[in-house]
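Heads up: the sequence shown begins at 443 in my numbering, then just goes up one per residue.
Bear in mind the hints are in silico, worked out from the structure with no lab data behind them.
Treat the hints with care, as some may be off.
What follows is a set of in silico ranges between Cβ atoms, one per label pair, in the way DEER data are often shown [unchecked claim]:
id : residue 1 : residue 2 : range
1  : Ala703    : Gln664    : 38 to 46 angstroms
2  : Gly642    : Val511    : 54 to 62 angstroms
3  : Pro574    : Val722    : 32 to 40 angstroms
4  : Val534    : Thr601    : 26 to 34 angstroms
5  : Pro515    : Thr723    : 30 to 38 angstroms
By construction, the Cβ of each residue, glycine as well, lies at the ideal position given by its N, Cα and C atoms.
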Amino acid sequence: MAAMYRGRFAPSPTGPLHAGSLVAALASWLDARAHGGVWLVRMEDVDTPRCVPGADGTILRQLETCGLVSDEPVLWQSQRGAHYQQALDRLVAAGRAYPCACSRKDIEAALQAQGVVRERHHSAVYPGTCRPERGGLRGKPARAWRFAVQPLRSEVRWTDRQLGPQAQDVATEVGDFVLKRADGLWAYQLAVVVDDAAQGITHVVRGEDLVDNTARQILLQQALDLPTPAYRHTPLVLGDHGEKLSKQNGAQALDLSDPPAALMQAAQVLGLPTPARDTVTNLLAAWTKAWPA
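My request is simple: use the sequences and hints to build the entire structure.
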C-alpha cells in the first residue's frame, strides 16, 4: 500500500492559513509520510469571487515555513474548467444530471407548499421541482445543473478511518445537489471528485466539518466510474464560542513567527505527543513515527 498512497491538502485561497488549516495540513502530510506516500497541494479556487489575490502564494509560503511542501506541482482548480465540463457532459448523457431553473426563494416556497419545515442552520433539501420526469424547466431559463440522486440507491455507507462507520441518505438529507452554480461557477462537489481522480488520490485526510460532503462525493464517484479514496476526518479547532475556527468567522492568520510552536499546537489538537522543543524537521520526523496510520 505504501507505494500506492497519494494524499493531498486542498485549501481555498480566501485568505492566509489559520490554526485550523494547519491542523488539516499537518494531518494530511503526516498520514502520507507515515504510509511512505506522496503528498500534494491543490488550490481549490473555483469560487473565484471569494478568493483573495495573492492568498495562494501566501498559503504556499506558510506551508513551506512549516516544512510542508508539495511533492508535485501545485494544481489550481480555476484552470480545470474543461475537465469539469467533460464530467458534467458525461452525467447529462447518462441521465444523471439536469438543468434547474429554481432560485432559493423558489425552493423555499416549494418546500413550504409541501409542509416541510427546514431545520435551522440546515440547508434546504431540494424538492426535485425541475426533474425531467416532473416537467423539467417548464419554459424557464436554466440557472444551475443538478445531480439526479437515485432514491433507491441514495443511502451511502462508508467507514471513516477516524470516526468509524458512517451513513447518509442523500435523497432525504440533501436531495439533488448542485454541480454547476447559477453564476456559472463549478460546485465544490464535482470539482473535488474530478480532481481527486485525476491526481490519483487514494487517501483523503481533511477536517471533520467536511464529513457531510463525503456521501455526495461517493455518489458522484460511482456515477462517473471513478475510484473512491479512503477518508479520514480530523478534529476541528474551535473558536471561543465553540464554533469551527474559519476565515468566515474572523479566524486570525496563522502566526508563524515561531514555526515549531505553531506546529506543536496543531499536533496537540491531533492528539500527538508534544516532545521537547526542537526544529521543524525533527518535530515532523517524530510525529511521523507516532502517527496512527
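Tested hints:
no., hint, verdict
1, Ala703 to Gln664: 38 to 46 angstroms, "holds, 44 angstroms"
2, Gly642 to Val511: 54 to 62 angstroms, "violated, 19 angstroms"
3, Pro574 to Val722: 32 to 40 angstroms, "violated, 55 angstroms"
4, Val534 to Thr601: 26 to 34 angstroms, "holds, 32 angstroms"
5, Pro515 to Thr723: 30 to 38 angstroms, "violated, 23 angstroms"
Hint compliance for this structure: hints 2, 3 and 5 are broken, all remaining hints hold.
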